[in-house]
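Starting from the known structure of chain A, fit chains B and C onto it as the hints suggest.
The lines below spell out each chain.
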Amino acid sequence: MSDEEQQASQGGVATEGHGGSEPLPLASFDDPHLQPLAKHPRRAEVAVAALLAIGVLGFAAYEGITLGVGLFAFGFGLAAWGKYLLPQGPFVEQRHPLRSTDDERAAMAAVITERGGIAVRRRGFLGGILALGATVMGVVLAFPLLRSLGPVPKKSLDTTNWTKGSYLVDSLGRRVHVTDLEVGGALTVFPEGFTNDEVDMAVDQTILIRVAGPDVDVVTTPHRATWGPDGYLAFSKVCTHAGCPVGLFQHQTLQLLCPCHQSLFDVGEGRPANPVFGPAPRPLPQLPLYVDEDGFLRAQAGYDQPIGPGFWERTTRVHYA
Amino acid sequence: MSTMPETSAGTASGNGAVAVRNGRKQSPLDAGLTWLDDRLGVAKGGRTFLDKIFPDHWSFLLGEIALYSFVVLVATGVFLTLYFVPSAAQVVYHGRYKPLDGVKMSAAYASTVHISFGVRSGLVIRQMHHWAADVFIGAIAVHMCRIFFTGAFRKPRELNWIIGVTLLFLAIVNGFLGYSLPDDLISGTGLRIAYSIILSIPLVGSYLAEFVFGGVFPGNGDIIQRMFILHVLIIPVIIAGLIGAHLALLVKQKHTQFPGKGRTEQNVVGSPMFPTFMAKTTGFFFMVAGVLWLLGGLAQINPIWQFGPYIPYKVSYAVQPDWYMGWLDGALRIMPSWEFAGFGHTIPFEVFLPGVLFPGLTATLFVLWPFIEQKLTGDRAEHHLLDRPRDRPRRTAIGAAALSFYFVLFCASSTDLLANFFGISLNIVLWSFRFLVIIVPIVVGLFTYRICLDMAGAPRVGKRKRAMVVLRTPEGEYYTVESEPRPGEGHEELEPAPVPDFIEGIAEGNGAGETEPGVRRVGR
Amino acid sequence: MRRPHLRSLLPAGVVALAAVGGLAFSLTAGAVGRSTSVQTAADSLTPPPIHYVTHFTTGQVKEGEVLFEANCSTCHGTRAEGSAVAPDLQGLGPATVDFWVSTGRMPLADSSAQATDIAAFVASLAPTAPSYPDGIPYVNTKDANLQLGMRLFVLNCAACHTITGAGDALADGAYAPSLHRATSTQVAEAIRTGPGNMPVFGPGTLSNRQVADIVAYVTGVIQHPDDRGGLGLGGIGPVAEGFVALLFGVGGLMVVAFWLGERA
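Here the protein sequences come in this chain order: A, B and C.
Position 260 of the first sequence, counting from 1, maps to 260 under the working numbering, and the rest follow consecutively.
Offset between the second sequence (1-based) and the working numbering: plus 1000.
Offset between the third sequence (1-based) and the working numbering: plus 2000.
Treat the hints as calculated values from the structure; they're not laboratory data.
On a predicted model such as this, the values are computed, not experimentally measured, just so you know.
Cβ coordinates follow ideal geometry from the N, Cα and C atoms, glycine included.
Just so you know, not all the hints are guaranteed correct.
Under the rule of at most 20 angstroms between Cα atoms (straight-line distance), these lysine to aspartate or glutamate pairs were calculated in the EDC-like manner [what the hints assert, rightly or not]: (1) B:K1254 <-> A:E93; (2) B:K1261 <-> B:E1484; (3) B:K1252 <-> A:E93.
What follows is a set of in silico ranges between Cβ atoms, one per label pair, in the way DEER data are often shown [as the list claims (entries may be wrong)]: (4) B:L1368 <-> A:T226: 52 to 60 angstroms; (5) A:A60 <-> B:A1456: 53 to 61 angstroms; (6) A:R174 <-> B:I1438: 47 to 55 angstroms; (7) A:L98 <-> B:L1233: 31 to 39 angstroms; (8) B:V1204 <-> C:S2207: 42 to 50 angstroms; (9) B:L1385 <-> A:R123: 45 to 53 angstroms; (10) A:L98 <-> B:F1371: 17 to 25 angstroms; (11) C:T2074 <-> A:G173: 48 to 56 angstroms; (12) B:L1368 <-> A:R123: 36 to 44 angstroms; (13) B:L1368 <-> A:R174: 55 to 63 angstroms.
Just chain A, with the same shape it has in the complex:
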């Protein structure tokens, strides 16, 4: 240890070690850099004290707002202390070059290439095995983790629980009778027997609307001539854009509106829920209905295409009218 360093450490302070010790900066008490900013330091001191006291009171009366006020006042006091009463400088500090010297860089590079070269260059085979092992381990570890997360989709996105003859029931499981809806009415329906499971209800949800009176078959497209008996129409309630429930039925303009991104679908005679506005790309799939001999509404068949938003495996069977 040099004499200088010895002296410094005896004094209880060490110096920065940049190319030898730097001087220990010294200032007189009346140095302008050490003066407070406040014009009247005594008044500032009183103000700071008051703020801190408010803070303490706020903490002590812990309940709702007082704590917030207390925190703010305490912080205000502390910050004001720092701003108005403590030395403002300006003080300066030198930057030191961030880069190392060329020698240091060369030494570092040499360690990797030359010392590391001993390991790799002569034992390239071992290095290869190491890399291979890491890769295999990574894949093997990742695979079960990924597979454990969920099932493989298979056909789960293509089908719903609607089948030939399914009764339409409301969310409480009550069958829908042909006399139930007024013209201009709307109801969310499900296939009977599938109103207990969230996934089922998410997939099967269907909006049943009535656009005409009894004995009127509503034809949305020519090949769906029998799908809308007694003024009833049913469409998948899952938006073809991002899957929100298309819950808004405007019965005068005969439109279904999705509340999330405002896709608009035209429904009614000659209007097979084509998207006319907004980001939805496809019509809402239509559920073919019939009225059985007891007057209950039932499905002629399930949906003829996957419901909801698009995905890679979805086939191109898009039914535009």
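This is chains B and C only, laid out in the frame that chain A set:
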């Protein structure tokens, strides 16, 4: 006594200072310091640390808002984990909120209602947590604007810029996870959209979506546990680690500064860590916490009990994500319905483009910006002095255009509310936004560029001006003088000096400085 | 005698409201289920959930005729038979007319009594068509099931009127109105008659009992929400919250930073 030779160690003054110190009585502080230093050598790095200079410009405090919001987030978040049940298991709620009494719902939702109604201080802490998240990301955004427009990301700080961008996106993701946890109607709808966005990824979308949710939406309920562990452990730990790295790089590279008297590329001018900066920043922490507490106590946020539990076939109108997701929701809304279908496959570009590619591209551009700018300007030098935005008209114009672009997208996420508020047709609003999102950035960019050029041409624009005082002499002669500097300005006119370690006079008990004779008052 | 000027009291009122916000709202939550239900003399010991008033006094009909003549006949015709500019009102039933007039959708909204009179007059002109209720519904919300009301509200109403009942814009210039000022009779009338673009919810879709539940939820909880946690910010959710967070949170703290830091 501030002008000392830079290199000569152990000068008379230095020794004198040591002598003064040694002449003092050993205080408990000295004893403690000695004990620690014998074992850890704290005096070496410790003194350097306490001497560290922080430039004082107000805009350098914006990052601190984010930092302290994060502290509040962690503290309030820990409280919430004591009561929140991350489970989709169905329970029947029996509690203080009558309209939900006896209703079946997920344990996650029931416990969140319980936090709001049954846990002492639960609601204020929950709201504070939510407000803190909103403020956290807002503060990151304004902090990032400051960095961008002043060129603080330039060499050597590209790494810290990248860390910052990563923090921004992690914060956004964690915010989304956080407000999705309660499993209420609004957030469930958001999850439904997230599921559709994952589903839209070509080739792997359906696999990813079902892996993440454990099956077809809404899945087997695992999603809540998965979001929970991401939200409370994995992402916060990464955020905390990156904040540590962010600050470590700041310390290592030292802070940037605006040009000014005595400020060069080789130095930093400002207040020392101890005591000035420490007092200010600690005070600022308390003020951030206070503001967040007041928001949490005075302004309602996300009253989930009014929304009811999430049921997949139910929906509310006027659902928006939190503000920091607004730009994505807006992009989803104004995107035209371009779906590709062919060759037995479907690519839902109307979701994939705004939901996956667009944020990905945004993140990539943000990360690469320092390098893009280097390429464009050819400037590879180190910079520690900041730009004034008007001196870099092209960068400023690009930044302003980008900001306006994201702002328009953000506004587009409330097309329905705007249509309702102004009583105009929803269709008109949507089509307006489809055009505005292109027009506004171009106009803003060109306008900003022009303003920058004009300001650069005019001298002393943006400088703080002093009032001119008109005086009348007893003879009736008028003349003007510049008024006295305002508080805070006097110091800036001093030549910056190194931080003194030893201050003569203070050891002799000169406590109250301002009454001492011979003390120079500064700047007034 | 000088009376305090209302406007001068306003700031104080706002401050007071903010201060006691949480407390006041938690108290109003207790009012759930005790909302404005109109009890008529005809109520028996077990009142039905909805009492439809189908018969009106001749005095009401006469009064209604005068009002109709003066205010409505220019467009709708003296016998409410409609014209090129206004629809035929015959057969729509008293509930439809009462709703349109009492809510101010038709340019006459003096009082609900006048609306009832006009409804009585129009109802006297022709029998009500079967798809419309033949009386003005008065809802008894005393025995209503609030939980079921919430469930049905979220399923059938929130999609347009929003979960907080604030209302929102629909396609092509239509809009779903706010429910915050609707009376229990108006809510029931709207459900049953489907005014404008609103779907019709007949007895086959929602029973009188269920309508009463929904009405109880609207007049009880939606109109007097449990807004604990401070100011409600208009019930329009994250957009308003975002503005508050950015303006008061980030903006306020930036002002603090501006004070704390150097400005040049």
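- Sort out which numbered hints this structure fails and list those numbers smallest first. Violated: none.
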